[in-house]
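Residue numbers (the numbering used here), protein chains in the order written: chain A, 1 to 284; chain B, 1 to 271; chain C, 1 to 268.
Calculated from the structure, these hints are not laboratory results. Mixed in with the good hints there might be a few duds.
[Claimed, not checked] Simulated crosslink set (BS3-like; lysine-lysine; CA at most 30 angstroms straight-line):
no.	chain 1	residue 1	chain 2	residue 2
1	C	Lys18	B	Lys265
2	B	Lys265	A	Lys141
3	A	Lys141	C	Lys12
4	A	Lys141	A	Lys117
5	A	Lys141	C	Lys18
6	C	Lys13	A	Lys117
7	A	Lys117	C	Lys12
8	C	Lys12	B	Lys265
Note that this is a predicted model, so its numbers are computed, not measured.
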Amino acid sequence: MLRIKGLTKRYRTGDLALKGIDIEVPDGQVMALIGPSGAGKSTVIRCINRLVEPTAGTITLNDTEIVGLRSGELRRMRRRMGMIFQEYALVERLSVMENVLSGRLGYVGFWQSFMRKFPQSDIDEAFRLLARVGLDHMADKRADELSGGQRQRVGICRALIQNPELLLVDEPTASLDPKTSRQIMRLIKELCGERKLAAIINIHDVMLAQMFAERIVGLKLGEIVYDGPPDKLTPAVLTQIYGEEDWASTIRKADDDAEPVDEIAPATPAETPVIERARLAGLT
Amino acid sequence: MSGAIVTSKKVWQRHDRKTQLAVWAAWLFGTAVFVYCFQLISERTIWAFVWDAPAQAADLGARMVPPAWSYIHYLWRPIWDTLNIATLGTIISIVIAVPIAYCAARNTTPSVAFVRPVALFIIVASRSINSLIWALMLVTIVGPGVFAGIIAIGLRSIGFVAKLLYEAIEEIDESQVEAVRSTGASAAQTTVYGIVPQVMPAFAGITVFRWDINIRESTVLGLVGAGGIGLELNAAITQLYWTQVSLMLLVIIGTVILSEWVSAKVRHAII
Amino acid sequence: MSLALPAHRTWKKPPAIKRAWLRWTLIVGAAIYLSLALGTTHVNWSRVWEGLPRGMQFVTAFLPPDFTSRWTEIVEGIAETLWMTVAATVVGIALSVPVGIGAARNIAPLPVYYFCRSVLAVSRSFQEIILAIFFVKLFGFGPFAGFVTLSFATIGFYGKLLAEDIEDMDPSQAEAVRATGAGWLQWLNYGVQPQVMPRMIGLGLYRLDINFRESAVVGIVGGGGIGATLDTAFNRYEFDSAAAIILIIIAIVMAVEYSSGYLRRWVQ
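Please build the complete structure, drawing on both the sequences and the hints.
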């Protein structure tokens, strides 16, 4: 259970990015955070991980207060939260395996990680995760040889091998094509389901958010203007979040609803149902 | 209507009047400075020597051929020393330059206010002083020989390597570092996983590049007594053994070309 | 979903060099070289030990350095160095323009190309210091030898970069100018020069910077300037004066570097 209370962030430039935000995310909930650019979505996620230092407010993850932790405790805290990034943020000149294992850095000592001598259990887990996302044959490829979708899957493995209690996902599909975006979102959702993981997903694609999240929080200028289920996201609400626009075509039609959660891992690129659904939604 | 005829032929000029004037002023100033400098140099020059120089050069050239090929047996050792000065000096400079670069880069320095200026000063100081001057100092301190040369090359290269390296560190992709940090990695682990892989190619390139330069520089360190082939060259020149001098010049050219070729090959292999 | 994986799949970081024999040859070769190099480098430790107090003396000479007792020589030396730098940069660049144009394969006829390339190769192969020794022999001691040395070195540096720049230029632009019926010089002026000019101005200022640094050392072999003053100070063990000279060199190098960087931005 993640509890955010009165989270405020003022940047050194004086911009007030977050104005006292309250959010509670129960275990196993996949929550999408939507809002226009500059609304503070990234800041929320980075404050939770303390990559950005909050100005005021409290954040507790399963009864541990995150704000104010010292460096050692902060490290232990960070390893309980997996993070997935917009531009994948893989270390491009390291191999896929090294990138995945870098998710264990919070658990192993410096020399162990420097010599790449990770415990066999970590390596087993890394192979298992890579197999789960269909990349185990790529383990020794360098990260910059992969395609966008493959890189994001490696990014997901890196976050999951931390064995996190919470996933923080920052615009996971921003640099992916529509089809891969869906595969990635579905993968994240499935994995959260398998592990009963809570997730906060920043996303600017409203339709994707509606398709894959159980709950949507709308952020505007550092304030929450909507918090509710995806199907309550009416044109009026979207106008409130993003401003005036014709929203009717963006909102998901009811018949697109049924998502096969148990669909096989997206290793096989030929996923015709996805394409069909994309076409239905007017995307292709 | 009075007959005020406006002659509106458009005049085209490359620059407007003000720029034109500035350009002319700059040229005038530059020429004046040059003429002044040259004047001062010429005051301290014995022009008779200068006019005599072509004849001297021809004479010198004639005395240099043919190179004393047999003397090459005495040169293997100085060549080996020269190579060692360059290589060991480069290794020393790397060992010292890496932490300095880490302290000088804005995104990794422990303290922008205190540590960074010190690191930057070390870099500038090392770069400003030519290796020959370093050698001059070190020969008076640790005595003549290869050791002084190695240290001189090392000290001179610190600034070069550290400067290029810290610029490379400042250019890395910060998001990769952030991603590693977000897993709960310690500062040391973040460096090894997030920063080192990103700067490694630049680092290798800089090292080889500097090694190549150091080979050139170490050929002359002997002139002030710091070992290597320069020592032999100096001796041959003072004793007027011109055929030996020409052989050494050929050897130096050969070494320099060879090292340039090696460094180009290695850099190509890295990138 | 069942995974048919072996229970324990080990993983090791794949080596940077894939071919094992090459990897081992390099490792063993490097080890042998290093041990030989270290083994044959004779260090006279007792002499080093003896010298350490002198080294300390030198370090303490920096606090405070002695600017006063050799002040006139220092001013003289610095002034000479600056003249040499300026004059040599101007002359060197002026001479390197024709050589550089001649060394560009896409412009120059083959015989001219080979001639200019060999001039560049000779100028680049020798250290400024070696050149200085010979020019001192030819022209006698004093700043003129230094001036010629630096001019010649500038030709090698600037001419090569100019030639490469011309070779890399966009041929279609130059062709378009030629198509208008321009003469050869007009073509150079309109088709080639605008393409290479901005970078060459920057490099000229950079070379000014290099020439200053180098002019500080050609004096050591008799080429005049501050190097000669420094050499004298060392030979007389006047470390406090030497420290002063070194500090002045550092200050001027920094000033030249900053102002040339500033000028470069202003020109472009």
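Structure-based check of each hint:
1. Lys18(C) to Lys265(B): holds, 18 angstroms
2. Lys265(B) to Lys141(A): holds, 25 angstroms
3. Lys141(A) to Lys12(C): Roughly 13 angstroms between the alpha carbons, so the hint for lysine 141(A) and lysine 12(C) holds.
4. Lys141(A) to Lys117(A): holds, 19 angstroms
5. Lys141(A) to Lys18(C): Satisfied, since the Cα-Cα distance of roughly 13 angstroms is no more than 30 angstroms.
6. Lys13(C) to Lys117(A): holds, 9 angstroms
7. Lys117(A) to Lys12(C): Within the cut-off at roughly 8 angstroms; holds.
8. Lys12(C) to Lys265(B): holds, 29 angstroms
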